[in-house]
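Could you use the hints to bring the two separately framed chains together as a complex?
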Amino acid sequence: MIQIKDLHKTFGKVPVLKELNLTIKDSGIFAILGPNGSGKTTLIKSILGMVVPDKGEILIDGKSTKGQWEHRQKINYLPQIANFPSNLSVIEVIEMIKNIRNSKTRDGDLVELFKLQPFLNKKLANLSGGTRQKVNIILTFMFDDPILILDEPTTGLDPLSLIHLKSLIKEAKEKGKTILITSHIMQFVEEISDEIVFLLDGKIYFKGSVKLLKETYNEQDLEHAIAALLNVQYD
Amino acid sequence: MIKILKYSFYDLMRSRWSYAYFVFYLLLGFVLLFLNNNLDKAIITLMNIIVILTPLIGTVFGVMYYYNSKEFTELLLAQPVKRSTIFLGQFIGLSVSLSLSLVLGLGIPFLFYGIMNSAIILNFITLIFVGAFLTFIFVALAYNIALSNENKIKGFGYAILMWLFMAVIYDGLFLISLLVFDDYPLDQFSLFATVFNPVDLSRILILLKLDISALMGYTGAVFKDFFGTIFGLIASFSMLMLWIIFPLLRIVRKASRKDF
Numbered sequence: 001m002i003q004i005k006d007l008h009k010t011f012g013k014v015p016v017l018k019e020l021n022l023t024i025k026d027s028g029i030f031a032i033l034g035p036n037g038s039g040k041t042t043l044i045k046s047i048l049g050m051v052v053p054d055k056g057e058i059l060i061d062g063k064s065t066k067g068q069w070e071h072r073q074k075i076n077y078l079p080q081i082a083n084f085p086s087n088l089s090v091i092e093v094i095e096m097i098k099n100i101r102n103s104k105t106r107d108g109d110l111v112e113l114f115k116l117q118p119f120l121n122k123k124l125a126n127l128s129g130g131t132r133q134k135v136n137i138i139l140t141f142m143f144d145d146p147i148l149i150l151d152e153p154t155t156g157l158d159p160l161s162l163i164h165l166k167s168l169i170k171e172a173k174e175k176g177k178t179i180l181i182t183s184h185i186m187q188f189v190e191e192i193s194d195e196i197v198f199l200l201d202g203k204i205y206f207k208g209s210v211k212l213l214k215e216t217y218n219e220q221d222l223e224h225a226i227a228a229l230l231n232v233q234y235d
Numbered sequence: 001m002i003k004i005l006k007y008s009f010y011d012l013m014r015s016r017w018s019y020a021y022f023v024f025y026l027l028l029g030f031v032l033l034f035l036n037n038n039l040d041k042a043i044i045t046l047m048n049i050i051v052i053l054t055p056l057i058g059t060v061f062g063v064m065y066y067y068n069s070k071e072f073t074e075l076l077l078a079q080p081v082k083r084s085t086i087f088l089g090q091f092i093g094l095s096v097s098l099s100l101s102l103v104l105g106l107g108i109p110f111l112f113y114g115i116m117n118s119a120i121i122l123n124f125i126t127l128i129f130v131g132a133f134l135t136f137i138f139v140a141l142a143y144n145i146a147l148s149n150e151n152k153i154k155g156f157g158y159a160i161l162m163w164l165f166m167a168v169i170y171d172g173l174f175l176i177s178l179l180v181f182d183d184y185p186l187d188q189f190s191l192f193a194t195v196f197n198p199v200d201l202s203r204i205l206i207l208l209k210l211d212i213s214a215l216m217g218y219t220g221a222v223f224k225d226f227f228g229t230i231f232g233l234i235a236s237f238s239m240l241m242l243w244i245i246f247p248l249l250r251i252v253r254k255a256s257r258k259d260f
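Residue numbers (my numbering), protein chains in the order written: chain R, 1 to 235; chain L, 1 to 260.
Bear in mind the hints are in silico, worked out from the structure with no lab data behind them. Don't take every hint at face value.
DSSO-like mimics (lysine-lysine), calculated; alpha carbons at most 27 Å apart, straight line [to be verified]: (1) R/Lys123 x R/Lys98; (2) L/Lys154 x R/Lys122; (3) L/Lys152 x R/Lys123; (4) L/Lys6 x R/Lys98; (5) L/Lys258 x L/Lys3; (6) L/Lys6 x L/Lys82; (7) R/Lys66 x L/Lys82; (8) R/Lys63 x L/Lys82; (9) R/Lys122 x L/Lys6; (10) L/Lys6 x R/Lys123; (11) R/Lys170 x R/Lys123; (12) R/Lys207 x R/Lys170; (13) R/Lys177 x L/Lys82; (14) R/Lys166 x R/Lys214; (15) R/Lys13 x L/Lys70; (16) R/Lys98 x R/Lys207; (17) L/Lys3 x R/Lys104; (18) L/Lys152 x L/Lys6; (19) R/Lys122 x R/Lys173; (20) L/Lys3 x R/Lys122; (21) R/Lys63 x R/Lys203; (22) L/Lys258 x R/Lys66; (23) R/Lys74 x L/Lys152; (24) L/Lys258 x R/Lys55; (25) R/Lys55 x L/Lys82; (26) R/Lys5 x L/Lys254; (27) R/Lys74 x R/Lys25.
For reference, chain L alone in the conformation it holds in the complex (with noise of 0.2 Å):
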């Protein structure tokens, strides 16, 4: 596993991609530091481009890389390796390739800036690991839709489409859904709905580490009470945990099955 897991790593260490990823995250937190001027303010304009880009970025590059490095897939399932070796060990190599160009490229400026003696390192640490936790859930995701498609363009469309829902479409549904079942008390179902995305469970977990929950009025309330507490923290990220979890599981069902 380690020796498949080094050599992903380093094919795409080598490739453009993982160093225009890592520059446009320099870039941001250089310009978003200059801009703002401030880290709190910095780091909330940070989160909702972390909630949506590390999705999009880890299914881009999940789908490409699998299509991409069929041959090498190829080679190593002739050789005396497990299958789900193979696999797994391609999914940990990318995933850890994009999450470090994540870690370094906000790290540096925000290093730069001062972060380690501020008062929100903790927020911000918290902000890199959803960012990390999303590029891991995501990767995982996209490895199943490619997995399941021998079609590249059919592979690339459910890819995007999965990111849209999740990004963008849910919220939709989710606030048509608060709308109309306006008179009954919601509380408890906002709740579980945000714990069935992935992207949600992020922003929340994020905005009330950031303390500004009482904009969320009675809702944010009662998440407060459910996240804000130790407990609804280990629960989240168990949550996440489950989500990288439960699609490795199918990648591995369904590698075992499939034919080269």
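This is chain R alone, in the form it adopts within the complex (with noise of 0.2 Å):
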């Protein structure tokens, strides 16, 4: 379980998340939803402890996270823009962060699905967008760790990838993970989603099921009923 309490973050003088209130229960897909610049990812990187918060706590199964390393161990992260050190080839940096991490992985069977290995001797600098997010989502799913954080994993995917990807996602839910996702494709998150949390401006303005989202805003769809929260919140 993740609880995140009180907590707030400011960039400079602008502020991005404020007295931010969470609390996500153990396995199901959680949507972080909310448009550019509301909070998403310094959320997300709070929670890893990459961004440092100025005041709040975020505990994780009852631990806080607030200088420790150690929870990471529990959470495999997929970052939104895949920056990886140019001059290592595909096959180097997975190597690396298997031999750093030390745990159980199936990176063989991963790059097959994604029809990875002719990439694998080549460096990264040189791969197109579409191939280094394939990258980038075996590194994050090659492991089995109780905890999944994806932030824009859809990022230049063709549709074929796309559709691997919604079923790794969905077999980690099976797994009983909790598997926590931003994403602008609406579609995406309706087809995926258990749960939308919807942040605005820092703060979050809607928590609960895609369904409830919908009955609450009187929307056929989750384009729309989001449109219209974010119309009622502007008005």
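Below, the structure written as structure tokens:
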């Protein structure tokens, strides 16, 4: 379980997260939605400990993450921008992360699934954005840890890879993992998520199922429901 | 830590720059020995180069490596690794690889020349040792500057300024103050002023080891009294050590508060 209590974060003079309280129970797919600059990535990075919050507390399974690093052993993170050391080859990065995390992996199956064998010995700098994203996905899904955090996982993927990604996410859910996803593709969110957390200006404006959101705003699809939610907030 | 260090080290060993640096010292060593045809003189020339060049290379590589390995750092930050481990690992990887270029690059030509059988082997070792110390110190200082500046150009500029200050401007100020306060006893002051700049400290350390301090007159005698003793040697190497430890402490502190 992830508990976030009274989280504050300011970048320079811009407040990004304000008194954010959120509890994410174990197992299930949670979509964190919100317009650009609403604090989604900051929230995710705070959970990981990459961003240091100004105030507040984050507990994972009851333990505070402040100044800790051990909790990252439980988290597999897919960053929004697939930045890799450009002079390493795909296989070297995979081996490096395996070596650092020191746990069981299934990278072979995933390389096969995403047909990455021809790229294994290529330098990451020379790969296309979509291929790099596939490497990113492999690095995240090759481990079997209880929490998955996916920041814009669909970026640059072709339709076939998207299907593979969805099946990987569903498989992870069946194993009882907690999965946090951010995405701007509502169709994708609607299809896979169990619960939605809507962030706006660093605060949570809605938390509940897709169905509840649609009913609340009396809309047929998620996209319009979100638009309605935004309209109400800005009015 | 060892894992991070290993990756940083391999990463650098594969880059062309490490080799260029190594080849530079190799050529320098051979050329100096060939031109001087005398180990003593070659070592004095070498000292002048090392005292200025290792800080410069340490500074430039330190800043460049920090900015260039940003992706690597971000990838590691999401893994179960302590922050201080990541940065200290990178720092040691970089410093060790630069020092290795220095040691091998100069060691090989001097070995060929028969430094092992000469009386000044200790001087040579001191020289290399000081070069390695300066590399560690300036990489640490450069890392500090890079950590505090998101903007690459700014970071690079400050780092070069820092080097310029330590290597050139400090000496200028030092000399001016000696001239201005000519009427006062300055031996204590100059001793202190020397200790607070790693470049000067290294230079004096080598000069005294080379036994040419007589050239420096009365102050030289004071210096000799201090640095020439075992106590002085230990004190100055501890001072160089502090020049590594304090910047490292700041790296750890700064890194633990930074957002990525």
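A quick look at each hint next to the structure:
1. Only pairs whose Cα atoms come within 27 Å are accepted, and R/Lys123 paired with R/Lys98 is accepted, the gap being roughly 18 Å.
2. About 33 Å separates the Cα atoms of L/Lys154 and R/Lys122, which puts this hinted pair outside 27 Å; it is violated.
3. Under the criterion of a C-alpha separation no larger than 27 Å, the hint pairing L/Lys152 with R/Lys123 is consistent with the structure, at around 24 Å.
4. Between the alpha carbons of L/Lys6 and R/Lys98 the distance comes to roughly 15 Å, so the proposed pair stays at or under 27 Å and holds.
5. A threshold of 27 Å between alpha carbons decides the hint, and for L/Lys258 with L/Lys3 the separation of about 22 Å falls inside it, so the pair holds.
6. Taking the CA atoms of L/Lys6 and L/Lys82, the gap is about 16 Å. The hint holds against a cut of 27 Å.
7. A C-alpha spacing of about 12 Å is found between R/Lys66 and L/Lys82, which places the hinted pair at or below 27 Å, so the restraint holds.
8. Among the hinted pairs, R/Lys63 with L/Lys82 is consistent with the structure: their alpha-carbon atoms are about 17 Å apart, no more than 27 Å.
9. Distance check on the hinted pair: R/Lys122 and L/Lys6 sit about 21 Å apart at the alpha-carbon level, within 27 Å; holds.
10. Distance restraint check for L/Lys6 and R/Lys123: the Cα-Cα separation of roughly 19 Å lies within the 27 Å cut-off, and the hinted pair is therefore satisfied.
11. A threshold of 27 Å between alpha carbons decides the hint, and for R/Lys170 with R/Lys123 the separation of about 31 Å lies outside it, so the pair is violated.
12. Taken as a hint, the R/Lys207 and R/Lys170 pair is honoured in the structure, with Cα atoms around 21 Å apart against an allowance of 27 Å.
13. Taking the CA atoms of R/Lys177 and L/Lys82, the gap is about 25 Å. The hint holds against a cut of 27 Å.
14. Annotation: proposed proximity of R/Lys166 to R/Lys214 holds, straight-line Cα distance about 23 Å (limit 27 Å).
15. For a cut-off of 27 Å, the pair hint linking R/Lys13 to L/Lys70 stands: about 24 Å separates their Cα positions.
16. With a C-alpha separation of about 35 Å, the suggested pair R/Lys98 and R/Lys207 falls outside the 27 Å cut-off, and the hint is violated.
17. Between L/Lys3 and R/Lys104, the direct Cα distance comes to roughly 18 Å. Compliance with the 27 Å bound is thereby established for this hinted pair.
18. In summary, the hint linking L/Lys152 to L/Lys6 is supported, as the alpha carbons are separated by about 26 Å, within the 27 Å threshold.
19. A threshold of 27 Å between alpha carbons decides the hint, and for R/Lys122 with R/Lys173 the separation of about 32 Å lies outside it, so the pair is violated.
20. In summary, the hint linking L/Lys3 to R/Lys122 is supported, as the alpha carbons are separated by about 23 Å, within the 27 Å threshold.
21. At roughly 23 Å between alpha-carbon atoms, R/Lys63 and R/Lys203 fall within 27 Å of each other, so this suggested pair holds.
22. Between L/Lys258 and R/Lys66, the direct Cα distance comes to roughly 13 Å. Compliance with the 27 Å bound is thereby established for this hinted pair.
23. Simply put, R/Lys74 and L/Lys152 have alpha-carbon atoms about 34 Å apart, too far for the 27 Å limit, and the pair is violated.
24. At most 27 Å may separate the alpha-carbon atoms for a hinted pair to count; L/Lys258 and R/Lys55 meet this at roughly 15 Å.
25. At most 27 Å may separate the alpha-carbon atoms for a hinted pair to count; R/Lys55 and L/Lys82 meet this at roughly 21 Å.
26. With a C-alpha separation of about 25 Å, the suggested pairing of R/Lys5 with L/Lys254 holds against the 27 Å cut-off.
27. With a C-alpha separation of about 15 Å, the suggested pair R/Lys74 and R/Lys25 falls inside the 27 Å cut-off, and the hint holds.
The earlier numbered hints that this structure contradicts are 2, 11, 16, 19 and 23.
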